[in-house]
Each structure stands twice: as C-alpha cells, then as structure tokens.
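2 protein chains.
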Amino acid sequence: MTAAYYAAVDWGTTSFRLWIIGEDGSVLAERRSGEGMTTANKTGFHAILERHLAAVDAPSHLPAIICGMAGAKQGWVEAGYLDTPAALSDIASHAVAVPDLDRDIRILPGLAQRDKRHPDVMRGEETQLLGAAAELGRGRHLVCMPGTHSKWVRLEDGAVSGFATFMTGELFDVISKHSILSHSIADAHIFSGDHPAFAAAVAEARTNSALGTSLLFGARAGQLLHGASATDAKALLSGTLIGLEIAGALATAAETIDSICLVASGSLGTLYQAALESLDCPLAIVDADAAVRTGLSTAAQAIWPL
Amino acid sequence: MTAAYYAAVDWGTTSFRLWIIGEDGSVLAERRSGEGMTTANKTGFHAILERHLAAVDAPSHLPAIICGMAGAKQGWVEAGYLDTPAALSDIASHAVAVPDLDRDIRILPGLAQRDKRHPDVMRGEETQLLGAAAELGRGRHLVCMPGTHSKWVRLEDGAVSGFATFMTGELFDVISKHSILSHSIADAHIFSGDHPAFAAAVAEARTNSALGTSLLFGARAGQLLHGASATDAKALLSGTLIGLEIAGALATAAETIDSICLVASGSLGTLYQAALESLDCPLAIVDADAAVRTGLSTAAQAIWPL
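Protein chains in written order, with my numbering: chain W, 454 to 759; chain P, 454 to 759.
No lab work stands behind these hints: they were computed from the structure.
All clues stand as given, with none of them false.
The list treats identical chains as one, so a pair stands whether inside a single copy or across any two.
In the DSSO-like style, the derived pairs of lysine-lysine whose C-alpha atoms are separated by at most 30 Å in a straight line are:
no., residue 1, residue 2
1, 495, 630
2, 630, 569
3, 526, 495
4, 526, 569
Could you put the whole structure together from the sequences, leaning on the hints where they help?
What follows is the structure in structure tokens.
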C-alpha cells in the first residue's frame, strides 16, 4: 500500500469532508461530518480535525491542506482573498499556515472581486475551480458551480477574469419555506430536468429575465387559473430561478466563450445540465466532489512536492 | 348631518377596514382592525362585519360593499374574477351578493389574466384601480400599486389590457428575515429614497435586470470588501428589488405610455416615488387609502344609485 502523502479537507459552513491521499494520488481514507464552521466555532477547529485524523490513524507528521470557511474571518485562521484577475496557480502560494502547531496545516485563500458595482467573494469554490480547470484547455470558459450561492466564473487561459454569485439555492429555499408559494408547492413530488414546467420556466426566465420576480408569482396564479399541480409549481420556481441565473451569467460573458463547464453532482447537477443543454455552446461536466479533491491535491503538490 | 348611504369595506388577508359613507360622499365613521381573512375564517365573516357596523351604530338596512379577500375561494362568498381585457366599469355589475341575509351585502370580483405564459390574478387592487382611474384621463397609463405583491396594470381608456404581479414586498421580507443577508442588514436604520445605496441599486437593477439574483448578493460582498454599512445593505436589497420590478413592468409596456400612476401611501410610497421619478415619464401619485375608498364608492353608486 502506498504511503499517506497529505490530508485534504473541504471545510464548509455546515459540512466537513476529509480525505487521506496517498503518494500515488489514491484516496486511502475518507471522513464526512456535519461539523462545519458553525459547529467548529463552538467546539474548536483543531479538535475536530485531529479527532478525524486520529479516527483514520493518520500519522502525526501528516500535513493537511484545507479549503473553505475555515479560512474566513469568522473561521479558524483568516486566509484572506486573492484579488481578480487571479491566476489559479497563485492559490497555493497564498495559503496561510496555522501557527503554533506540530502538524503543518495550510488554509487556502478565497477569491475577491473588488469591483465597486459588482463586488463579490468566494471561499471554497476557488479550489473546485482549480480542480475543474485541470480538465479544461486554454481558451475562454464559463464555469458554473451551482448551490446555495451559485458561482459563475469567467476563466481565460487558467486565470479568473471575473465572477458572479447568484443566490439561487438560498432563494429557492426561503421562497419555498416562507413565502405564499409555500402553500402552492406543499405537496410537490420530486421532478427531473425534463419536467415540462421546469423546461418552460427556464426558457421563459432566460427570455424575459426582467420579469423574474413576477414569473415566480406565476406558480400561484397558474394553480388558481389553470389547475397546475404542486409539482408544476415547484418546477416553475426552480426553473425560473435557474433560468434567471443562466441569463445573468451569460449577460456577464459578452465575448465568445469556448465552453461552459458545469461543476456539480447529484440531482442539482442533473437539473442544471438539463437547463444548460439547450444553449448553443459546448458543455463540459465535472463532478463537484472530484473537482474539490483535485484542487486540494494540486495545491498540496505545489506546497509539499514529493 | 347627512344620512348614511352605505358601508364600504376593504377586507384583506390580514386587515379589515370599514368606512360609513354619507349620501354627500363624506366619511361618517371609520373602523380598522387586524381581522383579515385569516382571522375571519376562524371567527366568521358575518359576525366580524356586524360587530363593526354595530360599533358605529349603522342602521340594520344599510347596504355594504366589500372588496378584497372576502371574495376569494377560501373567503366568505366567492366573487370570481373578471377576465382581462376588462373594463373597470364592469366591476360593479359583477359583484356577488351574500345570500340569505337581511342586509344587502355585495362582494366585488377580482381580475384574472388567463394567459398561459403569464397567468396572473388580483383581488382588492382592482378596486384601488377603479378609484385611481377616476383621476387619470383617457390614454395609456401604467398603474403601480406597490406592496407585498406589487401590481402593475396597463390601463387603456379605462380598460385593463393586462397586468403583472411582482413579489417585491414578500421577497424583501423573506430575504431580510431568512437568508444570509439577514446578518448583513441586522442593525440597519431607516433609510429614505435619496439614500445613495438605494438610488444606485435601483439604477443598477434597471440597467442589469438579468443579474437580479446576483446583485442581491452584493449586499453581503459590499460589506466584506468595501465596509458598506447595514443600512447600505438594506437599502441595496430594497433598491434592487424595486429596480427589478420597474424594469420588468416597463418591459411589459412596449408601447408609448402617457403616464405612470403610483397608488401608494406612507414610507413605501415615498421609496417608489424616488425610484420612479428618474424615469422620463409623467408621474401621477394617488393615495392608496383614498383610491380604495373612491373605488368602493364608484361601485356602490352604480349598484345603489341615489
């Protein structure tokens, strides 16, 4: 069996994932838990990390590379931001070491766009991006990383020229739970990307993006006037928000792009894939879990070359 | 003193307002309470109405005209919808009488737009509209009635050609309370329509409406990167949602319009006025309370002519 090389950690707001990576690049062990930043701020980042490392018998000298909210101001050790335009190859060299520990632990920085009109930040997604970029050639790419706060990144020859965050996932959640539409979608079933109401909503929101906050109300009006089902209403809500996101992201990318790269997994990835396939642009799909691991590995190899 | 002519009632989801109107058109008495449809569904519409009428010593034969949610399917007696295109003068003739009562009580219908792509409904605002229309001449007008669910109506020579609901007020509420932006705006002060962050957000959302769900995130990123205050963030959230609404409403009104009419009152009206004054279009302002009373009076005079 290959020797352990480093531990790779994706430390989000509400999730913790750790992999032990061998010298041959293989995953030797994996840990997942809900001990994200919110929990770690109470029970301690160091204690959580060491407990997971001990659970997989990681040697005490094994270094660890971390991305995500552990590097936020309210996290473990602030790792700051790389400013756009930013070369992805600079991420590793801006890692911040956690001081006063025996173990060598580095936290990767986020990205900041200090534009006055469109200020934006990301933390964690830059590492997914570093991983996904390995699969993309040179040229101009739009990278979509859907989620609570979806990120769309304009990538040119391995450098981030700009990006935009869309609150799609969070808006879907708060509107579903707390608005009048919660009644409309209460009994909805799971739907897929080829559901007619989803596809129609994506197309309508892309065509009429100015009407976004009005199209959402169509979920209720469609039930009152046309007998639309709860599943139709939920699909309309999801399709409208995703369609608005795509319209906005494409509006930021005025020039020709060579491909759109979707970095996602699970059912959310399937929905975005369906929404993006109708675009007249080559679509590359990268698994989000694999991307963050590849990104952490790229950084680890730069920091601790074998 | 003039004799009582009729009782006029605006019965919303969470509010109840009643006026006793004299034969000379004056307001003889007024009642307000929180006994909207939600409460009335538990304690009874008839009981609530009669208690308020008794409190102002209204005669037992005094008729009552009602608009709003009392006419919804889940209300007192369903009053249906007038379909667009709809002449406002048809509202009164489609009023539904509450059966089996000694008192003559009529409930006004809502409006429905049975368009497949943009289905929409209103209930209550059609009566405000009837009142506001009295102050507008012939011609093409866009009438804006801001609120939890803002309505924008295209009015042509006294007929509604179409309308759109924007979930502006409710989105502001759920995003303020339940999203990550709740932290950004937690300590915000009251702001007015000339607050720079509000004005900038309105302009930005009107110009870049496709970026709507991304501009919202700027409230957080602006704090992290530029030290924006909580009040700035709240003004940005409000201005972005109102700017998106205006952009969408103007997109539905492709042809030349003669005026925009804002039917509003209080601080919300002031914000919309500030947002609309930068448009190159005559702006008329009608008080929302006066508009609903005028609309109820117009209908009452048609049903029970003196």
